[in-house]
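Participant: Dock chain P against the given chain X, drawing on the hints supplied.
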Amino acid sequence: MSDAKFPLLHPDYKSTVLRAPKRPLIPLAHTISEITGPVYGHEKVRPLDNDLTRQHKGEPLGERIIVGGRVLDENGRPVRNTMIEVWQANAAGRYYHKKDLHEAPIDPNFTGAGRCMTDDEGRYSFTSIKPGAYPWQNHSNAWRPAHIHFSLFGMAFATRLVTQMYFPGDPLLPMDPIFNCVPDERARSRLISSFDLETTQPEWALGYRFDIVLRGRDETPMET
Amino acid sequence: MKKMTFGVTPSQTIGPFFHYGMDWEGGANLVGENVVGERIGIEGRVFDGSGTAVTDALIEIWQANASGRYTHPEDSQQTPPDEDEFIGFGRTETDDEGYFRFDTIKPGRVPGPENTLQAPHISVSVFARGVLDRLATRLYFSDETEANAEDAVLSAIEDETVRASLLAKLTESDGKLVYRFNIHLQGEQETLFFEI
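Same order as they appear, the protein sequences are chains X and P.
171 is the number that the working numbering gives to position 171 of the first sequence; each next residue is one higher, with no gaps.
1179 is the number that the working numbering gives to position 179 of the second sequence; each next residue is one higher, with no gaps.
Careful, some of the hints might be misleading.
[Said to hold, decoys possible] Rough simulated footprint, nothing fancy, chain P against chain X, three-plus residues with beta-carbon under 8 Å:
no.: 1; region: 50–58
no.: 2; region: 104–111
[To be verified] Simulated restraints, written as ranges between beta carbons of each label pair:
no.: 3; chain 1: P; residue 1: 1101; chain 2: X; residue 2: 61; range: 45 to 53 Å
no.: 4; chain 1: P; residue 1: 1078; chain 2: X; residue 2: 143; range: 52 to 60 Å
no.: 5; chain 1: P; residue 1: 1172; chain 2: X; residue 2: 78; range: 45 to 53 Å
In case anyone wonders, no lab produced these hints; they're calculated from the structure.
The beta-carbon is built from N, C-alpha and C at its ideal position, and this holds for glycine as well.
Next up, chain X with everything else stripped away, as it sits in the complex (with noise of 0.2 Å):
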């Protein structure tokens, strides 16, 4: 078993408690119908959709970064022309959502969402700036690390991953239910980007690697 995989009750995150599935999940040997799924040309992404920072009149306020990294499958091979979709909160800690009520400031320069398409070597890059902090109402004085969510799609249905990307040497991260639902220390290791001084630009950006590795689906689908 992957040590990227662990169980859906995490009671130290509250939300868990009712909305975990209770019954063991049931094995399902890949048909076509989870080695396909859904796969996107370049049509669907604007050049743009990769800078966070150029959506609005001004600039957002905050420091600047770049995330980076290639899209990987388990056995290192690349995985081309795949989607990737980012959101996150503003340098306040606060979304560009309705629902989020931490008294921090919109920023009328940033919205946080983001989509690029990985090259030939499943290499991909984001603009943007970093989030801030926020708090959350799981426990008391419960603070959310900086992270930036993501979702990619892969080749396949089997593949799909929605995650989220956290920062290096932040002081949250030992005390997150969420980034601690990974039990396993390596592979929840693997939700922490790396400052990265190549990617960073001079007088510009820092810049963050993030590598991410998408599970398997079935070399070959079960059939005859």
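Facilitator: Frame of chain X; chain P shown alone:
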């Protein structure tokens, strides 16, 4: 054997604030004017273990076209060219009462194990705050009695109540075919979810 060399990136919850980041052209409507196939609606509601509506879930569906072909390079079946317009992916969120709805076509039967055909079905993903990993299930159609009886995945489920959690029930609303498919994340009527 599958060679496992690279550690997989774990899943994390989609959280409550995904809506503006997951905007999708088309969204809940999978059918353009020229798409071939029987128009159907899929309507349902998502519940938690206390029977409370889940108002912040994201539902995605993936399905074959009316001929039973997926719009994907891995599916080499031939299909009439006028069916090419159908992609087969939909995404929508639950509303403030936990309801969701898709407009699509009924999928054809797709190949299954050992030269069998699977019963018509739609692959469903559920994401929500408090859900740590994508929950995968399948929607089958209540009126496909014969095909359902032959389906390898359905037949393998011994408990009838559990099997019934995958069957969308046919109803008619304003002369349109609508299949009702509620999703129970937990509880007595808990939906069957697959490890895929």
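Participant: It remains to establish, for every hint, whether it holds in the given structure.
Facilitator: Quick rundown of the hints versus the structure:
1. 50–58: violated (count 0)
2. 104–111: Answer violated; 1 residues pass the 8 Å Cβ test.
3. P:1101 <-> X:61: 45 to 53 Å: With Cβ atoms ~39 Å apart, the hint is violated.
4. P:1078 <-> X:143: 52 to 60 Å: Because 56 Å falls inside the window, the suggested range holds.
5. P:1172 <-> X:78: 45 to 53 Å: holds, 48 Å
Violated hints for the displayed structure, listed by number in ascending order: 1, 2 and 3.
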